Amino acid sequence: MDWTIFSFLLADGLQNGTIYALLALCLVLVFAVTRVILVPLGELLMFAPLSYALLLQGQFPGTAWLSAAMLVAWALLDRNRLRLALALLLLAGVVLGLAYWGSHGAPGWVAWLLAVLIVLPMGPATYRLFFEPLPHGTVLVYLILAVGLHFVYQGLGLVFFGPEQYRPPALLSGEASLGTVPLPRQVFVVYAFAFLAMLGLYLFFTRSLYGKALRACAVNRLGARISGINPSEAGRVAFLLATAIAAVSGMLIAPLVNAAYFMGFLLGLKGFVAGILGGLISYPMAVGGALVVGLLESYSSFTASAYKEAIVFALLLPVLFWRSLRTLELGGEEE
Amino acid sequence: MSVLEVEHLTVRYGAVEAVRDLSFRVEEGEVVTLIGPNGAGKTSTLLGLVGLVAARGSVRYRGQAQPHRTPEALSAQGLVLVPEKRELFASLSVEDNLLLGAFQRHQRRESGIRADLEWVYTLFPRLLERRTQFAGTMSGGEQQMLAIGRALMARPKLLLLDEPSLGLAPLIVREIFDILGGLKREGIPILLVEQNARMALGLADRGYVLEAGELVMEGRAQDLLHDPRVLESYLGLRGKEAEA
Numbered sequence: 001m002d003w004t005i006f007s008f009l010l011a012d013g014l015q016n017g018t019i020y021a022l023l024a025l026c027l028v029l030v031f032a033v034t035r036v037i038l039v040p041l042g043e044l045l046m047f048a049p050l051s052y053a054l055l056l057q058g059q060f061p062g063t064a065w066l067s068a069a070m071l072v073a074w075a076l077l078d079r080n081r082l083r084l085a086l087a088l089l090l091l092a093g094v095v096l097g098l099a100y101w102g103s104h105g106a107p108g109w110v111a112w113l114l115a116v117l118i119v120l121p122m123g124p125a126t127y128r129l130f131f132e133p134l135p136h137g138t139v140l141v142y143l144i145l146a147v148g149l150h151f152v153y154q155g156l157g158l159v160f161f162g163p164e165q166y167r168p169p170a171l172l173s174g175e176a177s178l179g180t181v182p183l184p185r186q187v188f189v190v191y192a193f194a195f196l197a198m199l200g201l202y203l204f205f206t207r208s209l210y211g212k213a214l215r216a217c218a219v220n221r222l223g224a225r226i227s228g229i230n231p232s233e234a235g236r237v238a239f240l241l242a243t244a245i246a247a248v249s250g251m252l253i254a255p256l257v258n259a260a261y262f263m264g265f266l267l268g269l270k271g272f273v274a275g276i277l278g279g280l281i282s283y284p285m286a287v288g289g290a291l292v293v294g295l296l297e298s299y300s301s302f303t304a305s306a307y308k309e310a311i312v313f314a315l316l317l318p319v320l321f322w323r324s325l326r327t328l329e330l331g332g333e334e335e
Numbered sequence: 001m002s003v004l005e006v007e008h009l010t011v012r013y014g015a016v017e018a019v020r021d022l023s024f025r026v027e028e029g030e031v032v033t034l035i036g037p038n039g040a041g042k043t044s045t046l047l048g049l050v051g052l053v054a055a056r057g058s059v060r061y062r063g064q065a066q067p068h069r070t071p072e073a074l075s076a077q078g079l080v081l082v083p084e085k086r087e088l089f090a091s092l093s094v095e096d097n098l099l100l101g102a103f104q105r106h107q108r109r110e111s112g113i114r115a116d117l118e119w120v121y122t123l124f125p126r127l128l129e130r131r132t133q134f135a136g137t138m139s140g141g142e143q144q145m146l147a148i149g150r151a152l153m154a155r156p157k158l159l160l161l162d163e164p165s166l167g168l169a170p171l172i173v174r175e176i177f178d179i180l181g182g183l184k185r186e187g188i189p190i191l192l193v194e195q196n197a198r199m200a201l202g203l204a205d206r207g208y209v210l211e212a213g214e215l216v217m218e219g220r221a222q223d224l225l226h227d228p229r230v231l232e233s234y235l236g237l238r239g240k241e242a243e244a
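Chains A and B are the protein sequences, given in the same order. Heads up, the first sequence is in the working numbering, so the first residue is 1 and it goes up one at a time. Heads up, the second sequence is in the working numbering, so the first residue is 1 and it goes up one at a time.
These aren't lab readings, by the way, just hints derived from the structure by calculation. Be a bit skeptical, because a hint or two may be false.
Some chain B residues well away from chain A (every beta-carbon gap over 12 Å; in silico) [said to hold, decoys possible]:
{"no.": "1", "residue": "58"}
{"no.": "2", "residue": "87"}
{"no.": "3", "residue": "88"}
{"no.": "4", "residue": "183"}
{"no.": "5", "residue": "186"}
{"no.": "6", "residue": "221"}
Each pair of labels, with its calculated beta carbon distance range [what the hints assert, rightly or not]:
{"no.": "7", "chain 1": "A", "residue 1": "222", "chain 2": "B", "residue 2": "185", "range": "26 to 34 Å"}
{"no.": "8", "chain 1": "B", "residue 1": "60", "chain 2": "A", "residue 2": "206", "range": "36 to 44 Å"}
{"no.": "9", "chain 1": "B", "residue 1": "64", "chain 2": "A", "residue 2": "206", "range": "47 to 55 Å"}
{"no.": "10", "chain 1": "A", "residue 1": "209", "chain 2": "B", "residue 2": "218", "range": "54 to 62 Å"}
{"no.": "11", "chain 1": "B", "residue 1": "166", "chain 2": "A", "residue 2": "138", "range": "24 to 32 Å"}
{"no.": "12", "chain 1": "A", "residue 1": "147", "chain 2": "B", "residue 2": "108", "range": "34 to 42 Å"}
{"no.": "13", "chain 1": "B", "residue 1": "107", "chain 2": "A", "residue 2": "258", "range": "26 to 34 Å"}
{"no.": "14", "chain 1": "A", "residue 1": "256", "chain 2": "B", "residue 2": "108", "range": "44 to 52 Å"}
Please read all numbers here as calculations on a predicted model, not as lab measurements. From the three backbone atoms N, C-alpha and C, an ideal C-beta is built for every residue, glycine too.
Sequences are here, hints too, so could you generate the full structure?
Structure below.
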């Protein structure tokens, strides 16, 4: 391996690692607040760029129907809270309207935003419809539910978008070269977004009382409830934040890696591996873990490309072993 | 209008009845204590009251029936529990813990939160010293002070205290009860659950004695303090323990 190949692989690994880092942050955030391991995060990521691709072709995306249907179901569940229910029905109408606008001649950058907005309600609605009805579920029950949702959403993705791959246009086209390595300009958009998202989350959790309330829910649910913090609301906010970050990430990387209905799962799974490296509790360790996963994958795809996924997932074994020793030392704090 | 009226409260865990047909009330400005031995159902009463465990019977708070109670909704209305295990946010700073106690008021954009923070710091100067420290690193007594301080940040109209003396040194217990006396003088109604019957009856206006989930005695705190049955069952042993 010479220097050129080394730096190519480095650039590739950093790019993927950044995406894994964003997903790992979402998974840690959602898990900390709700104890849900959000397996369908990858599908929520995939819905946005594929909807964008359909909007650009002048087609009405099925995700808008799904999003609106979930909002209507939510309104039915909360029919006793009339104002909330009406707002949800209105929002469902707005989602359909936005999709219609997007598929009937909206400019490209508007369609870009519309695609994200169409997908956003699915996050909190997923929590409200499937997880909130089980407030005392165990981590395992939530995990089984999450895996089920992953299959359903992925199947719906196949129904909505078919098996084709799409390559939506990049926000910044062209290439820049860094030394000997040519990099698509879009990569810098990815880095900028990752930086802003991390900075934003950091400020949200350390400066705003609302962010601290979310952390409070994560460290002591009962303490949060007696302080007047509603854990269901906190859960919906966590799902909303995660969906927003995932959807924008999907929009940004689709021009680099192609978008298809199956793209989300492996991205989410690697984000999950990164999250596990941080014990699903530490944000900085999750980001570090994501970069490790990205680089490991990149270099192993050069030396042993057939095994690149296997090598990444094999990384879990020593980490889980090490963590299991630490948990024993702490006397098994799991509920 | 009573602050709190509880009628025929029954709390059941599976086949076990922890509290059976308990009725009591708290009036405006009053400190009421529930005393009784371990396992008498005192904590279960509080948990059933705020909706943390399923309970039958009626609960009226400030004249309003509360059929579907949750701790978060009650806290928003000023009925705040200080639980036995304190349930602090261990990895957040002392000041963040206090500010989160006023979360609902913050959401409603109420004024006076800063002033109340200063007030809590004057009540518990030790919290001011430790304001940037993680809540989980403090001693048991300081954590109890923080738990009470966090509840006060909600500007409670009824404070439920579950065993504030539990596991604390006598000197700290004295300090905390002095603070509770101050809150009583400010007119904050308190429902106090205690095993330390002498301290509790010394502070309270009225008391209820629970045994095995049932009410066995009620009356003015002064009368209970001199009642031979209470003296024998609780104060004889407990009194010595408190002084030891």
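Here is how each hint holds up against the structure:
no.	hint	in the structure
1	58	holds (21 Å)
2	87	violated (4 Å)
3	88	violated (6 Å)
4	183	holds (17 Å)
5	186	holds (21 Å)
6	221	holds (26 Å)
7	A:222 - B:185: 26 to 34 Å	holds (30 Å)
8	B:60 - A:206: 36 to 44 Å	holds (41 Å)
9	B:64 - A:206: 47 to 55 Å	violated (38 Å)
10	A:209 - B:218: 54 to 62 Å	violated (42 Å)
11	B:166 - A:138: 24 to 32 Å	holds (29 Å)
12	A:147 - B:108: 34 to 42 Å	holds (40 Å)
13	B:107 - A:258: 26 to 34 Å	violated (44 Å)
14	A:256 - B:108: 44 to 52 Å	holds (46 Å)
In this structure, the earlier hints numbered 2, 3, 9, 10 and 13 are contradicted, and the remaining ones agree with it.
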